[in-house]
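6 protein chains.
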Amino acid sequence: MAADPDIITDFVVPPELVKGGIDGNFFTFTGMRSLVGEEPSSTFKVSKVGITEFPALNGQSVSYAVLQYPAGTTNPPHIHPRSTELLLVLEGALDVGFIDTTNKLFTQSLQAGDIFVFPKGLVHFQYNSDPQNFALAISAFGSANAGTVSLPNTLFATGVDDNVLAISFKTDAATIQKLKAGLAPKA
Amino acid sequence: MAADPDIITDFVVPPELVKGGIDGNFFTFTGMRSLVGEEPSSTFKVSKVGITEFPALNGQSVSYAVLQYPAGTTNPPHIHPRSTELLLVLEGALDVGFIDTTNKLFTQSLQAGDIFVFPKGLVHFQYNSDPQNFALAISAFGSANAGTVSLPNTLFATGVDDNVLAISFKTDAATIQKLKAGLAPKA
Amino acid sequence: MAADPDIITDFVVPPELVKGGIDGNFFTFTGMRSLVGEEPSSTFKVSKVGITEFPALNGQSVSYAVLQYPAGTTNPPHIHPRSTELLLVLEGALDVGFIDTTNKLFTQSLQAGDIFVFPKGLVHFQYNSDPQNFALAISAFGSANAGTVSLPNTLFATGVDDNVLAISFKTDAATIQKLKAGLAPKA
Amino acid sequence: MAADPDIITDFVVPPELVKGGIDGNFFTFTGMRSLVGEEPSSTFKVSKVGITEFPALNGQSVSYAVLQYPAGTTNPPHIHPRSTELLLVLEGALDVGFIDTTNKLFTQSLQAGDIFVFPKGLVHFQYNSDPQNFALAISAFGSANAGTVSLPNTLFATGVDDNVLAISFKTDAATIQKLKAGLAPKA
Amino acid sequence: MAADPDIITDFVVPPELVKGGIDGNFFTFTGMRSLVGEEPSSTFKVSKVGITEFPALNGQSVSYAVLQYPAGTTNPPHIHPRSTELLLVLEGALDVGFIDTTNKLFTQSLQAGDIFVFPKGLVHFQYNSDPQNFALAISAFGSANAGTVSLPNTLFATGVDDNVLAISFKTDAATIQKLKAGLAPKA
Amino acid sequence: MAADPDIITDFVVPPELVKGGIDGNFFTFTGMRSLVGEEPSSTFKVSKVGITEFPALNGQSVSYAVLQYPAGTTNPPHIHPRSTELLLVLEGALDVGFIDTTNKLFTQSLQAGDIFVFPKGLVHFQYNSDPQNFALAISAFGSANAGTVSLPNTLFATGVDDNVLAISFKTDAATIQKLKAGLAPKA
Numbered sequence: 416m417a418a419d420p421d422i423i424t425d426f427v428v429p430p431e432l433v434k435g436g437i438d439g440n441f442f443t444f445t446g447m448r449s450l451v452g453e454e455p456s457s458t459f460k461v462s463k464v465g466i467t468e469f470p471a472l473n474g475q476s477v478s479y480a481v482l483q484y485p486a487g488t489t490n491p492p493h494i495h496p497r498s499t500e501l502l503l504v505l506e507g508a509l510d511v512g513f514i515d516t517t518n519k520l521f522t523q524s525l526q527a528g529d530i531f532v533f534p535k536g537l538v539h540f541q542y543n544s545d546p547q548n549f550a551l552a553i554s555a556f557g558s559a560n561a562g563t564v565s566l567p568n569t570l571f572a573t574g575v576d577d578n579v580l581a582i583s584f585k586t587d588a589a590t591i592q593k594l595k596a597g598l599a600p601k602a
Numbered sequence: 416m417a418a419d420p421d422i423i424t425d426f427v428v429p430p431e432l433v434k435g436g437i438d439g440n441f442f443t444f445t446g447m448r449s450l451v452g453e454e455p456s457s458t459f460k461v462s463k464v465g466i467t468e469f470p471a472l473n474g475q476s477v478s479y480a481v482l483q484y485p486a487g488t489t490n491p492p493h494i495h496p497r498s499t500e501l502l503l504v505l506e507g508a509l510d511v512g513f514i515d516t517t518n519k520l521f522t523q524s525l526q527a528g529d530i531f532v533f534p535k536g537l538v539h540f541q542y543n544s545d546p547q548n549f550a551l552a553i554s555a556f557g558s559a560n561a562g563t564v565s566l567p568n569t570l571f572a573t574g575v576d577d578n579v580l581a582i583s584f585k586t587d588a589a590t591i592q593k594l595k596a597g598l599a600p601k602a
Numbered sequence: 416m417a418a419d420p421d422i423i424t425d426f427v428v429p430p431e432l433v434k435g436g437i438d439g440n441f442f443t444f445t446g447m448r449s450l451v452g453e454e455p456s457s458t459f460k461v462s463k464v465g466i467t468e469f470p471a472l473n474g475q476s477v478s479y480a481v482l483q484y485p486a487g488t489t490n491p492p493h494i495h496p497r498s499t500e501l502l503l504v505l506e507g508a509l510d511v512g513f514i515d516t517t518n519k520l521f522t523q524s525l526q527a528g529d530i531f532v533f534p535k536g537l538v539h540f541q542y543n544s545d546p547q548n549f550a551l552a553i554s555a556f557g558s559a560n561a562g563t564v565s566l567p568n569t570l571f572a573t574g575v576d577d578n579v580l581a582i583s584f585k586t587d588a589a590t591i592q593k594l595k596a597g598l599a600p601k602a
Numbered sequence: 416m417a418a419d420p421d422i423i424t425d426f427v428v429p430p431e432l433v434k435g436g437i438d439g440n441f442f443t444f445t446g447m448r449s450l451v452g453e454e455p456s457s458t459f460k461v462s463k464v465g466i467t468e469f470p471a472l473n474g475q476s477v478s479y480a481v482l483q484y485p486a487g488t489t490n491p492p493h494i495h496p497r498s499t500e501l502l503l504v505l506e507g508a509l510d511v512g513f514i515d516t517t518n519k520l521f522t523q524s525l526q527a528g529d530i531f532v533f534p535k536g537l538v539h540f541q542y543n544s545d546p547q548n549f550a551l552a553i554s555a556f557g558s559a560n561a562g563t564v565s566l567p568n569t570l571f572a573t574g575v576d577d578n579v580l581a582i583s584f585k586t587d588a589a590t591i592q593k594l595k596a597g598l599a600p601k602a
Numbered sequence: 416m417a418a419d420p421d422i423i424t425d426f427v428v429p430p431e432l433v434k435g436g437i438d439g440n441f442f443t444f445t446g447m448r449s450l451v452g453e454e455p456s457s458t459f460k461v462s463k464v465g466i467t468e469f470p471a472l473n474g475q476s477v478s479y480a481v482l483q484y485p486a487g488t489t490n491p492p493h494i495h496p497r498s499t500e501l502l503l504v505l506e507g508a509l510d511v512g513f514i515d516t517t518n519k520l521f522t523q524s525l526q527a528g529d530i531f532v533f534p535k536g537l538v539h540f541q542y543n544s545d546p547q548n549f550a551l552a553i554s555a556f557g558s559a560n561a562g563t564v565s566l567p568n569t570l571f572a573t574g575v576d577d578n579v580l581a582i583s584f585k586t587d588a589a590t591i592q593k594l595k596a597g598l599a600p601k602a
Numbered sequence: 416m417a418a419d420p421d422i423i424t425d426f427v428v429p430p431e432l433v434k435g436g437i438d439g440n441f442f443t444f445t446g447m448r449s450l451v452g453e454e455p456s457s458t459f460k461v462s463k464v465g466i467t468e469f470p471a472l473n474g475q476s477v478s479y480a481v482l483q484y485p486a487g488t489t490n491p492p493h494i495h496p497r498s499t500e501l502l503l504v505l506e507g508a509l510d511v512g513f514i515d516t517t518n519k520l521f522t523q524s525l526q527a528g529d530i531f532v533f534p535k536g537l538v539h540f541q542y543n544s545d546p547q548n549f550a551l552a553i554s555a556f557g558s559a560n561a562g563t564v565s566l567p568n569t570l571f572a573t574g575v576d577d578n579v580l581a582i583s584f585k586t587d588a589a590t591i592q593k594l595k596a597g598l599a600p601k602a
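In order, the protein sequence lines correspond to chains A, B, C, D, E and F. If you count the first sequence from 1, you need to add 415 to reach this note's numbering. If you count the second sequence from 1, you need to add 415 to reach this note's numbering. If you count the third sequence from 1, you need to add 415 to reach this note's numbering. If you count the fourth sequence from 1, you need to add 415 to reach this note's numbering. If you count the fifth sequence from 1, you need to add 415 to reach this note's numbering. If you count the sixth sequence from 1, you need to add 415 to reach this note's numbering.
Isolated chain A, as found in the complex (with noise of 0.2 Å):
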């Protein structure tokens, strides 16, 4: 179930642990180790810690994620319905941007250390264009559970109708199918 803002106890103990039988471990998550000193993905990959990952962020309203870009790798547009996103490259460097309701276009070319705010519910996305280093960022994030809609899947990849969709991008059903085809899951 389901409230973000303002619990009125000091944390949320899930119904299947006995409230005084938890201790600090509950409030510790461990999955992110190996990160550190381990060999980074061969592919961009989102490593989400939030309420799912890590039930003690239940009504606290704050969550993680850390993503690795291998060279020349994005992370496609997508929004996030449930919080703004606070990225910080820890290593390599980010082309990064999002666009306004006004459908303008916000970017920025990001080093190690940098900051940027992708506002709430807004189209974002990163790129390391660099053709030969790896980039890793770590976001913050204003909920225990931001969500993700990564626009090329929802769009072509969850069976929205080919007319649909071809009237709204202005282009013809083949276009469409070529789109549909390249993101499809492989066998």
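No lab work stands behind these hints: they were computed from the structure. Any given hint might turn out to be false.
Same chains, same names: a pair is fine if it fits in one copy or spans any two.
To be verified - Using 30 Å as the maximum straight-line C-alpha spacing, the simulated DSS-like pairs for lysine-lysine come out as follows:
{"#": "1", "residue 1": "Lys601", "residue 2": "Lys585"}
{"#": "2", "residue 1": "Lys519", "residue 2": "Lys601"}
{"#": "3", "residue 1": "Lys463", "residue 2": "Lys585"}
{"#": "4", "residue 1": "Lys595", "residue 2": "Lys463"}
{"#": "5", "residue 1": "Lys463", "residue 2": "Lys519"}
Following the hints, position chains B, C, D, E and F against chain A.
Just chains B, C, D, E and F now, with coordinates in the frame of chain A:
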């Protein structure tokens, strides 16, 4: 400025109006009269009644839009970053859908009198698939300024880099350029 | 249970429905179809589409009501404790008003296509003063469960003590009893 | 302007005060000292301590009122559009009640030391039915500006049309005019 | 579970009570009757009336506490994580203070009838410096469950490591152990 | 002024900037670049990235802090009145803890890659107990202006009366004065 929920006055009067000077007209919006008995639009058209058009909505957390769909037109895939949309078909029929954050598509065929809910922040669309008949709908929003991110334009008509788009949509630059050309504003 | 603003899931599925099992029908309300082309009500009638009638509205902070006003009828003075009301006249004409917390009355005569805002928690009413023509309106609310406190019944048909009412309304017990008799449910 | 919940500063200093210049006096309200050992009011009287009387409450979501009830007086049926009321009887006894949105009346006879909750946005009243003894109460509100809609005056002393009221209260114009006359401000 | 602001029902009835079965008693708290005319406490004592003691406060965003200060006692420095406190001195006099997040101390000497606001989440205290007279106060909170973090006990009677405390308070382990001994529960 | 949750625009541009004039730089914070490859701090140091340092965070409900812990240093017991803290250890190891409102202490020993949640408004601390190695962490907050109440300074370096402190901490004035001397700013 900017806070939708919970004002601590009955209503918010813009600074340029002397408070004692307002009357019932301040709370009235007459800009939709023209829709009654008027010639319907020949292209898909959204007429918003939000905080910009109707300043009395400031702090009241609700707004409207009227939507006109000539035969065969769509309201392209889009999101409202700040509100759920509750659509009521007044005339004609509409095929509608939205995609949730697990990439599940929900669709429906609506007739006059039907109401459909598009949950906050999710991608959704409407399509008047009837080759001959006009459709008319009204939508209510739980924000005075729901905002709209129209995805075809946001993605392909705001200057996002071709490389970012080609990699993200797993296609080639030629396809991206074709989509951009189709969506570019006409000279 | 009970929290209107800000859920941290896309939508709320009632426990008795298996989540995977829902489809577009869950997000569709067809109970208003009968209003299209149907014989209008012969008494003032409100048809609500809120969380009770349409469970998919849970957590979405928006709802509708359809209001039918035969000639000469009123929607008696009332308040919605949890939402502003945004009324759109679809047919006919209405005299409307609300009173703010400084006891100032705001009134307006509305025609078809007009929209009027009744701010949250204030006493308001509508009146079809036309002796012959029917009026039809739709209202949007910024809550899934706006609630209604109809003042004539609340004050005079729920058993509030005659003394309390006579002193409060600065009148005599006979007048209170007459009002109570007029508003008592018919046997 | 206007947002009760959640400020992002410790407190809000009015623009006309230089921030560094405030001291403990800004957070102190001395206007109730006169209630201590003073002659009680000879009519029902509410003394509010809200954002208007005590600007330091801005953004703090809490306020008080002190209520004095000479023998046989009522606090007439009213609502607070922006808050629950939590009433504590300090002296004497009170008959209290509220009506929920299903038109159920809840009543209680309170003695000194008793606390009663009037839920947000519902019609409620208090009555000192004792023919001889004074009663004194304090109420807390979960808003800095709860607002009050006093129903006798709102309905019958603000100029609402006689027809609207007669039809709504299912009575005749003469009864409405009599109620209006009783509640009209004295010359 | 657990969200203070904005319920979408009139009130919240605990699952173990059948809704139809509640009456005015559910909304009444009689546990403070004993304070009227009773022998005052011989030590500093807080009597809370929050969601735990009075379940009808669930979702109503308001609560009370009654505070008794024998001569020379303090309410030690503490914070309420979920609410502002609005204190009203009913009897006697109090020296009060709070410290904001810029480390500025605000103090005041209050007499009976005075009201003081302790902003949300800040450290504050009260002191009855009078060597002979008792003081009595009531406090209102804008949450049904304000919570209390009493700093002497939180810091020195919960088992925090001596080293952490000595380094943090820039003192030696002996001083920390002395403070811990003084605050340890008596056998 | 001043409301963290839910703005009704995409973002908030300060009045002194013409809206059309902002670009991607407005959404970028470069002040952390110096942390990359820089000599670590020789004392415990917090570098905040909140609304003060980065105005684009206004209305976005999220912020960061970077924390540097030389060997043997602590981040003294403190609270954030407006947010939960989600700490990620980037380098080294930390002993951490918080105390809930029932006075239960929760502790943990964290290594690089671990995440720990300090719930909103509760007292918490971190300690680099390693005698030789530096530790580095980043924290995310679910508010643009979380605020910090550092307890040693708040209690003993802001001028709170010795008597209040001695009685509250159940110790003598000499101990209080010793603590105050240790925490007083150096001349």
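Status of the hints after comparison with the structure:
1. Lys601 to Lys585: both (27 Å within a copy, 13 Å between copies)
2. Lys519 to Lys601: between (35 Å within a copy, 18 Å between copies)
3. Lys463 to Lys585: Answer is between: at 23 Å across copies they meet the 30 Å cutoff, but 35 Å inside does not.
4. Lys595 to Lys463: within (27 Å within a copy, 33 Å between copies)
5. Lys463 to Lys519: For lysine 463 and lysine 519, the Cα distance is within 30 Å both inside one copy (29 Å) and across copies (20 Å).
The structure shown violates none of the earlier numbered hints.
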